[in-house]
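Enquirer: So you can see what is in the structure, the chains are spelled out below.
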Amino acid sequence: KAGVTQTPRYLIKTRGQQVTLSCSPISGHRSVSWYQQTPGQGLQFLFEYFSETQRNKGNFPGRFSGRQFSNSRSEMNVSTLELGDSALYLCASSLMGTGNEKLFFGSGTQLSVL
Amino acid sequence: DQQVKQNSPSLSVQEGRISILNCDYTNSMFDYFLWYKKYPAEGPTFLISISSIKDKNEDGRFTVFLNKSAKHLSLHIVPSQPGDSAVYFCAASFTGTASKLTFGTGTRLQVTL
Chain L
1 KAGVTQTPRY LIKTRGQQVT LSCSPISGHR SVSWYQQTPG QGLQFLFEYF
51 SETQRNKGNF PGRFSGRQFS NSRSEMNVST LELGDSALYL CASSLMGTGN
101 EKLFFGSGTQ LSVL
Chain E
115 DQQVKQNSPS LSVQEGRISI LNCDYTNSMF DYFLWYKKYP AEGPTFLISI
165 SSIKDKNEDG RFTVFLNKSA KHLSLHIVPS QPGDSAVYFC AASFTGTASK
215 LTFGTGTRLQ VTL
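Protein chains in written order, with my numbering: chain L, 1 to 114; chain E, 115 to 227.
Worth double-checking, as some hints may not be accurate.
[Claimed, not checked] Computed cross-link-like contacts, DSS-like style, restricted to lysine-lysine with a CA-CA straight-line distance of at most 27 Å:
| no. | chain 1 | residue 1 | chain 2 | residue 2 |
| --- | --- | --- | --- | --- |
| 1 | E | Lys119 | E | Lys170 |
| 2 | L | Lys102 | E | Lys185 |
| 3 | L | Lys57 | E | Lys185 |
| 4 | E | Lys182 | E | Lys214 |
| 5 | E | Lys182 | E | Lys168 |
| 6 | L | Lys102 | E | Lys170 |
| 7 | L | Lys57 | E | Lys170 |
| 8 | L | Lys57 | L | Lys102 |
| 9 | L | Lys57 | E | Lys214 |
| 10 | E | Lys119 | L | Lys102 |
| 11 | L | Lys57 | L | Lys13 |
| 12 | E | Lys170 | E | Lys182 |
| 13 | E | Lys182 | L | Lys102 |
Worth flagging that the hints you see were computed from the coordinates, not collected in a lab.
Using the sequences and the accompanying hints, generate a full structural model.
Expert: This is how it looks when you write it as C-alpha cells:
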C-alpha cells in the first residue's frame, strides 16, 4: 500500500509570498498532522486534521493554516512568508490519530524562503 | 520551552558495539514515548515505543528503557550495524493524542566499520 505522499518535494519562495503544500495520507487513514523541522528545533507540531476539522493545534502563528478534504487529503498554507519559515515540512497520517497509534510520515517538502 | 531533550547531537559507535541514545523530558504528564529514525531525504519512521506503565520494551536489536522518576529514557541498539546510521528522534505524547507528538532535537548516530 502506498505511503504518505507529499508534494512538491522542494520549493523556493521569497519573503512576503504565500505557499501551499499538499499531503496524501495512506489509504484509509483519516488523521493527518503536520510538523515543521528546523535545525536545532527538532520536529514541532503544527496542527492535526480529522474528518475535515482541525482537531489539535500547536503554537504557531495564524499565518500557518491548513485544511482537509473529504478524501482525507490535506493542504497546508503559509501566508506572508518570513525567512524563519525555511524548514522541512512533514506530514504524517494515522488511522484515527487517537490512542497510541503509530504515525506514518511522508518524505517532506523542503521550503526555502529567500 | 523544550519539553523533550536530547542533549547529545551526535554519537559515533563501532560496528558490533552497543549504541545508547538518551532522552530527557520535563512534563510528567507524558505517558507514552517513542523513538523514530530518520534517514536523509526521507521522513521519520517508527522504531519502538514504551508506555509509562512499563520500564522496558524490547524489539529485536532495539530496547527502550524508561526511568519515570528521573524522567529519562534511553534507546539501546545491540549490536550496532552500519545501516543504523541515521538521526534518532525521541518523542513523547499523552495517550489518546497519537497525532500530537513532542519531539526532541535528534541525535545523529554514526556506526563505523
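Enquirer: Could you tell me which of the numbered hints above are not met by this structure, giving the numbers in increasing order?
Expert: 7
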